[in-house]
Each structure stands twice: as C-alpha cells, then as structure tokens.
Amino acid sequence: MNERPDVDSGKLGELYVRHADDAVRLAYLLTGDRALAEDLVQDAFVRLAGRLVHLRDPDAFPAYLRRTVVNLANSNFRRRKVERTYLERARSDVAGAATRAPDGGVEDRDRMWQALEQLPARQRAAIVLRFYEDLPESAIADLLQCRPGTVKSLLSRGLEGMRGQIRGDTDE
Amino acid sequence: MSDMDDRVRDLLRRKADDVPPHRDVPPSMIRRAHRRMAVNGAVVGAVVLILIGGVFVGFQAFAGSPPVHPLGNPTTPAPHPTATHTHTPRPGASHSPGTVSSPSPPPSGSTTPARCSLAHLKIAEVGSNGAAGSIQVEVSMRNVGSTSCSLEGYPGMALLAGTTQLPTTVIRGSSVVVPAIHPRLVVLSPGRSAAYVFGYSDVPTGNQTCPTSTGLEVTPPNAYQHATISFQSTACGGVLTTSPVFLGLTVPTS
Chain W
1 MNERPDVDSG KLGELYVRHA DDAVRLAYLL TGDRALAEDL VQDAFVRLAG
51 RLVHLRDPDA FPAYLRRTVV NLANSNFRRR KVERTYLERA RSDVAGAATR
101 APDGGVEDRD RMWQALEQLP ARQRAAIVLR FYEDLPESAI ADLLQCRPGT
151 VKSLLSRGLE GMRGQIRGDT DE
Chain X
1 MSDMDDRVRD LLRRKADDVP PHRDVPPSMI RRAHRRMAVN GAVVGAVVLI
51 LIGGVFVGFQ AFAGSPPVHP LGNPTTPAPH PTATHTHTPR PGASHSPGTV
101 SSPSPPPSGS TTPARCSLAH LKIAEVGSNG AAGSIQVEVS MRNVGSTSCS
151 LEGYPGMALL AGTTQLPTTV IRGSSVVVPA IHPRLVVLSP GRSAAYVFGY
201 SDVPTGNQTC PTSTGLEVTP PNAYQHATIS FQSTACGGVL TTSPVFLGLT
251 VPTS
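If you read the sequences in order, they're chains W and X. Counting in our numbering, the first sequence runs from 1 upward without gaps. Counting in our numbering, the second sequence runs from 1 upward without gaps.
Simulated from the structure, these hints should not be mistaken for laboratory data. Keep in mind that the hints are not guaranteed to be accurate.
Computed footprint of chain X on chain W, listed as stretches where at least three residues anywhere in the stretch have a Cβ under 8 Å from a Cβ of chain X [as the list claims (entries may be wrong)]: (1) 14-20; (2) 31-45; (3) 111-123; (4) 126-139; (5) 154-166.
Residues of chain W clear of chain X, computed beta-carbon distances all greater than 10 Å [to be verified]: (6) R25; (7) Y28; (8) D57; (9) A60; (10) T68; (11) N71; (12) F77; (13) E107; (14) D142; (15) T150.
All values reported here derive from a predicted model rather than from experimental measurement. Positions of the beta carbon are idealized from the N, C-alpha and C atoms, including for glycine.
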C-alpha cells in the first residue's frame, strides 16, 4: 500500500485482494446479509476505481473504502426500508418460537444478532464502527457525518434498544 | 454497560469470522470498473469541450460587441456639444508621423458602410489659422482604402512632446475659431476626404501653462487606435475644442 494505486485492473485487483475481506466483514455486520455485503463491496471498489488517480495518499485507501461501504450500506437501508419493515414483522413472529438458552451460548448470540439487525441503520452503523472497527467517536462522527455527541446518543440508544429487544425476547 | 459492550464486541467478532476469505477478484467487478472509468472519462471530456466552446463563444461575442471607447477617445455624436474629455496619457504611445497603428473592427449589423478604421485613413494636418491668441487647425482624414467606409462623431486627440503625452482636455463643441457643426454620418468612398477643425488658445488664462507640443495623436471617431501627426503648438492648459467630422475639406459655416 505504499505505492500509488492505479486504475488498471492489476492494481484494482491487488487492492481488492488486500482489502476485500475487511470490507466484506464490515458490510456484513452493517447489513446482516452476506450476499448483499459482497455486492456492496464490489460496488464500493467500482466507485473508487475512477477516483484512484486522485488519491494523493495511498495509505488512505482503506479509510476511503470504509467510508464508501458505510455510505452504500446506509443508502441500501434507506432503499429497502419498506422491505425490511415487513421482514422484521415476519421475524418477530418466528422469534417467539425459537429455542432460547439462558446463558451466553449460540442462542444468546442469535438473539443479540437479531436485536442488532432490528436497530435503525445509523445506530447499527455506530455500534459496528465502535465495537468492531474500534473507531473513536470522532472518527465515527466523521463517517456518519454528524457530531460526536450524536454518536454518543446513537451508541447509547442502540445498546439500549438491543437490551430491550433481548429482554423482550426472554420475557416472552 | 461494559458487559453489554463486551458481548456486542464478541458477537461482532464471531459474526465477522463467519465471512470466508476473498482471494479471487471478480471479473465482473473489473469490467464494471472499466466501464465506469470510461464513462467518467467521457463525461470529463464532454465538460472540457463544453467549457472550451463556451469560452470561444464568449470571446467571439466579446470581440463582435460594440466598442467601449477608452477615456479621451470621443466616439459617437455627443449628446451635449460641450462635453469635455480629458485625455489620460498612455505609456508607450509612439508612432511615426502619418503612420497607422492597426485597423479597428467595423460595426456589426449596419446598412451603412463599415466604420473607417485607421487602415482606411490617411490623417494629415490641412492647415492652421490664428488670430488674437486663438488658433484654428484643420485635420483631414482621407479614405485610402479600396472600399467605402463611414465616420460619425468627434475625434479623439492627445498632445505629444516627443513621445510623451501632455495633459490634454478635448472639448466637443464650438469656440471663436471652431464653428458649431452638428455631428452627421459621413460616408467616404475611396479617395474622398473628411475633416474636422479644432481650436486652442496660446494665451494663458490665470495660472495656465502652455507646453510646447511637437505631435498630435488623432483617434478617428469610434476607433480604438490612433495615428500620430506632426503638430507644433503651445496650447495653453492643453485645452482643444473640436468639431465633429464633416465631409470634404471645406469647413461648414455655423
């Protein structure tokens, strides 16, 4: 990554091999859909391909990629809001019948995952960027184009929402 | 809170580990990237072409617009015959007597012949008369081109001492030696002449100075460029009162 990225397919391919794994994992955590995550990351690489010649600092590519993935995931959420609302309703019907375990086992993680999936896109993005990417609040604010105080609020409400969701599932 | 943080952190790490590694570059992605770059290049090219075209059209429009005359170069007939124009000295104004600088653009959309530029005209002093401190000078403009051209309005002038411009004030109107002449369109067929007269005083008024001039810059009406003719004078205050251009060399009577 110390050399300047170029627009030919060799360089783009090299960047893909180097950074796609991290990008797909992030996209997957942001969307909850592995196939969609793959598509978003490919879209992100295609978008960035035209801008690589303008990239002054090659080391900045991962940050550009992360920003593009977050933006694409948020756009995708907005586009699929209606569909998602329907799926959430269907999922809540099934959740009641799901097997649950009282301790922190597989079922517990599934409940947490479902709770994460039901958060609004920005709360979910804030949680993923904070607890998976380990980004400081200022960097998250920059990515989500909001103030650091808003990030605190998104994190707090997101975690509270997950807690409430898990508690609700357990009480049923 | 920290327990929840840890649980969320653990959840995200485990879920991320579920994603298999990517080793192969999808050919479809490379094709899409190439298409996108081609489209971007085409868009940038189109924008550059539009900008270049816009600049070219703007330049053409500017070059074809009616001239904006510099200070001291009288243009079309003045609404008030006694309008005063002060000639601001311009650096580097040096021309051999009777020579021309360059042609000025003709007016667009006119049914009359094109405006006489310096390329059409030979400018010369016809003669001077003086009495009681007031001097009248007549200057001719002969069409030396092969096509007709037109003049209308007042000329511009600046006195020269060598190659240095002297402070000059041009008054459009009449005086004791300059008859009142109404500005008219003058059409000059090849070989014909127009003229104008101007007057000045060589007797100072108040604390006026009367610098000695050796030359005169003459700018035809509606022209940008001037010709320089030999002109010996001691015009007090650099004040010149001029008539508009008229047809022929005979000074009309007011």
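To see whether the hints hold, each was checked on the structure:
1. Given as covered by chain X, the region 14-20 of chain W passes the check, having 3 residues with a CB less than 8 Å from a CB of that chain where 3 are the minimum.
2. Check on the region 31-45 of chain W: 4 of its residues sit with their Cβ under 8 Å from a Cβ of chain X, so the three-residue criterion for coverage holds.
3. A count of 3 residues in the region 111-123 of chain W with a Cβ less than 8 Å from any Cβ of chain X is obtained; the coverage claim is therefore met, three being the minimum.
4. Counting residues of the region 126-139 of chain W whose CB lies closer than 8 Å to any CB of chain X gives 4, so the stated coverage by that chain holds, three being the minimum.
5. For the region 154-166 of chain W, the stated coverage by chain X is satisfied: 3 residues place a CB nearer than 8 Å to a CB of that chain, which reaches the threshold of 3.
6. With a cut of 10 Å on Cβ distances, R25(W) falls inside the contact zone with chain X, its closest approach being about 4 Å.
7. With a cut of 10 Å on Cβ distances, Y28(W) falls inside the contact zone with chain X, its closest approach being about 5 Å.
8. With a cut of 10 Å on Cβ distances, D57(W) stays outside the contact zone with chain X, its closest approach being about 21 Å.
9. No Cβ of chain X approaches the Cβ of A60(W) within 10 Å, the least distance being about 19 Å, so the stated non-interface status holds.
10. The Cβ of T68(W) lies farther than 10 Å from every Cβ of chain X, with a closest approach of about 13 Å, so its non-interface assignment holds.
11. For N71(W), the condition that its CB be more than 10 Å from all CB atoms of chain X holds, with the nearest at approximately 16 Å.
12. Every CB of chain X is more than 10 Å from the CB of F77(W) (nearest about 18 Å), matching its label as outside the interface.
13. Here E107(W) stays apart from chain X, with its beta-carbon at least about 12 Å from theirs, past the 10 Å limit.
14. Residue-level check passed: D142(W) sits 20 Å from the nearest beta carbon of chain X, beyond 10 Å.
15. With a closest Cβ-Cβ approach of about 19 Å to chain X, T150(W) is found to remain outside the 10 Å limit, as its non-interface label requires.
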